[in-house]
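Trainee: For reference, the chains in residue letters:
2 protein chains.
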Amino acid sequence: MKAEIIAVGTELLLGQIVNSNAQYLSQELASLGIDVYFQTVVGDNMNRLCEATRLASSRADLMIFTGGIGPTQDDITKQALATVLGRSLHIDRMAMDNLDRFFKDRALPMTENNRRQALAIDGGTPLPNETGLAVGNALSEDGKYYIVLPGPPSEMKPMFQNQAKPWILGHVLTNEAPIYSKMLKFAGIGESLLETKLMDLIENQSDPTIAPYAKESEVTIRISTKAESDSEAQEKLNTMEQEITARLSDHLYASEDVPIEKVIIDMMTEQGLTLGIAESCTGGMLMETITSIPGSATVFIGGIVCYSNAMKEKLLNVPRDLLEGDDAPGAVSAETARVLAEQVRMVVDTDFGLSITGVAGPGYSERKPVGLVYIAISRRGGDTLVMELNLKGNRDTIRIRSAKTVLYHLWKQLKENEVRN
Amino acid sequence: MKAEIIAVGTELLLGQIVNSNAQYLSQELASLGIDVYFQTVVGDNMNRLCEATRLASSRADLMIFTGGIGPTQDDITKQALATVLGRSLHIDRMAMDNLDRFFKDRALPMTENNRRQALAIDGGTPLPNETGLAVGNALSEDGKYYIVLPGPPSEMKPMFQNQAKPWILGHVLTNEAPIYSKMLKFAGIGESLLETKLMDLIENQSDPTIAPYAKESEVTIRISTKAESDSEAQEKLNTMEQEITARLSDHLYASEDVPIEKVIIDMMTEQGLTLGIAESCTGGMLMETITSIPGSATVFIGGIVCYSNAMKEKLLNVPRDLLEGDDAPGAVSAETARVLAEQVRMVVDTDFGLSITGVAGPGYSERKPVGLVYIAISRRGGDTLVMELNLKGNRDTIRIRSAKTVLYHLWKQLKENEVRN
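Keeping their order, the protein sequence lines are chains A and B.
Just so we're aligned, residue 1 is where the first sequence starts under UniProt numbering, counting upward by one.
Just so we're aligned, residue 1 is where the second sequence starts under UniProt numbering, counting upward by one.
Any given hint could turn out to be false.
A pair holds if it fits inside one copy or across any two, identical chains being indistinguishable in the list.
Unchecked claim - Quick list of in silico lysine-lysine cross-link-like pairs, PhoX-like style, CA-CA up to 20 angstroms:
(1) Lys392 with Lys104
(2) Lys157 with Lys392
(3) Lys368 with Lys104
(4) Lys412 with Lys185
Hints in this document: simulated from the structure, not taken from any laboratory.
This one's a predicted model, so the numbers in the text were calculated from it and none came from an experiment.
Let's have the full structure, built from the sequences with the hints guiding it.
Mentor: And the structure:
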């Protein structure tokens with residue numbers, strides 16, 4: 001089974017956005033055991049889009065389009081595919097109802113161009129859009145399969161997971177031995193060190209296969225195998241997982257593709273623990289990360305972004321002589337990180353208090369170098385952990401790595417807690 | 001002049017990395033006035049790479065390859081291009097000296113496969129690699145141009161800037177008029193409404209051209225023109241910009257590609273204003289967005305994430321009878337949003353206080369629907385603006401749109417301020 005991903009949009013060809021959809025879909029197809037031989041990007045141009053569609057149909061079995069199904073004149077993906085297949089388009093009733101409801105709810109007039117978003121190709125399966133207005137499409141012809149998805153990742157991903165993937169499993173992959181895979185997620189370790197620890201497994205891999213990859217301070221390993229039965233697959237996957245766990249138990253935080261903040265919220269909910277947070281250089285990023293998880297409200301009670309020294313003093317009782325004066329440790333110091341974590345735990349009245357204070361750059365602060373960050377974890381009735389980090393990268397990277405490092409050490413403490421109880 | 005970008009690497013097709021090189025090169029080519037009609041990604045496979053090369057040569061004038069020029073057996077980009085052009089490869093003397101020096105300096109033995117990195121195509125111009133070991137290549141044949149660059153962005157970018165771009169200007173673009181463009185950024189308006197307001201301009205466009213696109217509650221328009229001189233270009237661009245501004249001045253927040261939070265920080269710095277923020281459902285996202293801008297520390301003083309009712313009461317003095325009780329408006333209400341904004345302004349002692357409280361979902365809260373969000377803007381000595389939003393989408397989308405909507409209304413107030421003063 002060979003697939004080709006066709007991302008449609010002149011904004012991609014102008015470099016205004018990066019083609020993250022191709023990456024996402026490639027990962028998903030790999031996990032289904034489908035080979036991607038080409039990714040193509042083409043602009044909002046009827047001739048070239050038809051040309052790309054014909055070419056892909058000649059060299060692949062499954063074509064996945066993203067983008068070009070919005071309301072504007074240059075959104076022409078469904079029109080181009082219909083042209084190539086010699087089919088017509090119609091208004092999908094459910095998508096049109098969805099559009100009508102959307103504008104009615106907002107008491108807005110629906111402009112005529114919005115109707116384009118309800119278009120579907122005759123003889124295909126409309127794919128409902130849970131997070132937007134443009135309907136997707138799935139269809140087959142002459143043993144070839146075509147799936148049309150929206151461009152915005154916030155619409156494309158749910159439509160792929162909940163509509164397109166089940167369609168692929170039900171219509172496309174009916175005769176293949178299914179591929180089974182398991183994701184292992186690691187924190188607090190870099191990709192190259194992790195690879196070194198698993199080098200012999202990676203070099204000698206055949207079945208299951210092992211594929212490590214890294215993003216934003218997290219490393220993922222995907223273990224995959226083809227098997228005739230679920231039990232056979234699970235046995236092969238579990239054996240490999242145990243081998244890897246034995247070497248990396250301090251870093252393996254999940255055996256499924258979830259972020260570490262999800263695992264933390266689950267553990268804290270389970271253990272009945274609560275959390276307060278004080279942030280300086282990360283400016284709210286750690287709290288935003290925690291609260292991105294549904295259900296975080298039972299664990300995370302609140303927190304303070306104390307961007308200025310005055311706020312550190314006023315809201316979190318950091319003594320002024322810690323912050324200011326020639327011999328003072330300053331806002332970016334182990335001492336201040338400790339007070340912030342302990343005070344926010346008391347002010348918000350929680351079991352754990354976390355803090356981050358550092359120099360995210362650009363530009364020095366308190367004559368301290370960019371990338372110098374202190375983090376602290378205070379726990380009710382326990383010692384406060386304070387750590388100095390020396391991070392590399394730009395403002396974004398330093399902020400993300402600071403937040404992820406706190407999360408890693410909080411996870412470690414919760415895990416030790418779990419073992420003790 | 002038409003170009004095609006061919007990124008080579010199986011890691012791209014597996015989704016292990018995102019194709020940021022294509023974005024970078026597309027931006028660079030757009031700024032040179034070169035149209036990119038296709039981006040292609042192909043794996044480390046000789047047949048398919050030759051096929052992609054032949055296809056690109058048939059539909060474009062300039063082919064830019066990235067990746068596949070490293071030391072390993074699967075690095076075959078130069079070999080494939082040489083095959084397609086019927087040329088041979090040789091060892092480039094300077095690149096080989098560079099390799100020898102590299103290993104000698106480190107007192108390491110150079111393995112044989114490293115010699116591959118010094119290969120160059122006969123008759124081409126070698127492009128030195130300032131930050132790595134693999135030499136690039138530029139050549140022309142039958143009026144077509146070929147450039148081969150490394151895959152790692154840290155090597156590709158300097159080689160493009162310092163070697164490939166001068167080669168393109170000297171060999172490829174000798175007779176073309178340069179392209180000039182301007183980005184206009186809009187907030188508080190959807191893509192389709194914006195397009196409706198500009199429909200006649202878009203439908204009748206010829207020179208300058210107008211291209212709108214949307215991402216995360218912001219809409220961008222790029223106006224582009226080819227011109228013989230800078231002054232001619234500026235005149236054409238400005239005329240079009242004025243036409244667009246006249247229709248959309250309430251939404252046009254910048255004439256360059258910057259996020260609205262950057263414009264807000266600049267305006268507030270200029271006007272000597274400060275900002276405090278209280279967030280509930282967005283959990284720190286608004287503060288994280290504001291503090292992503294370098295220099296935000298002079299404007300943003302601090303803020304509070306009051307995720308629980310207890311914290312709204314304790315840290316921001318929201319009266320309990322507003323929050324709890326059968327007839328109370330509740331945490332998600334216009335009343336609470338107002339108190340949060342006014343109180344955070346007083347607690348943090350700033351000129352502006354912003355607040356967001358709502359239901360980001362999944363799951364109802366206070367029997368209120370997902371997507372119901374209240375925002376408020378309090379200003380020293382002025383009235384407090386309170387607005388009800390009814391947003392669609394998942395948790396992420398609702399949080400992002402809430403934050404972006406507050407920013408839009410803050411920008412509007414700052415603009416009115418500017419006009420008044």
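Trainee: Against each hint, give a clear statement of whether it holds in the structure.
Mentor: So, going through the hints one by one against the coordinates:
no., hint, verdict
1, Lys392 with Lys104, "between (50 angstroms within a copy, 13 angstroms between copies)"
2, Lys157 with Lys392, "between (31 angstroms within a copy, 16 angstroms between copies)"
3, Lys368 with Lys104, "between (56 angstroms within a copy, 19 angstroms between copies)"
4, Lys412 with Lys185, "within (14 angstroms within a copy, 44 angstroms between copies)"
When the structure is compared with the earlier hints, no violation turns up for any of them.
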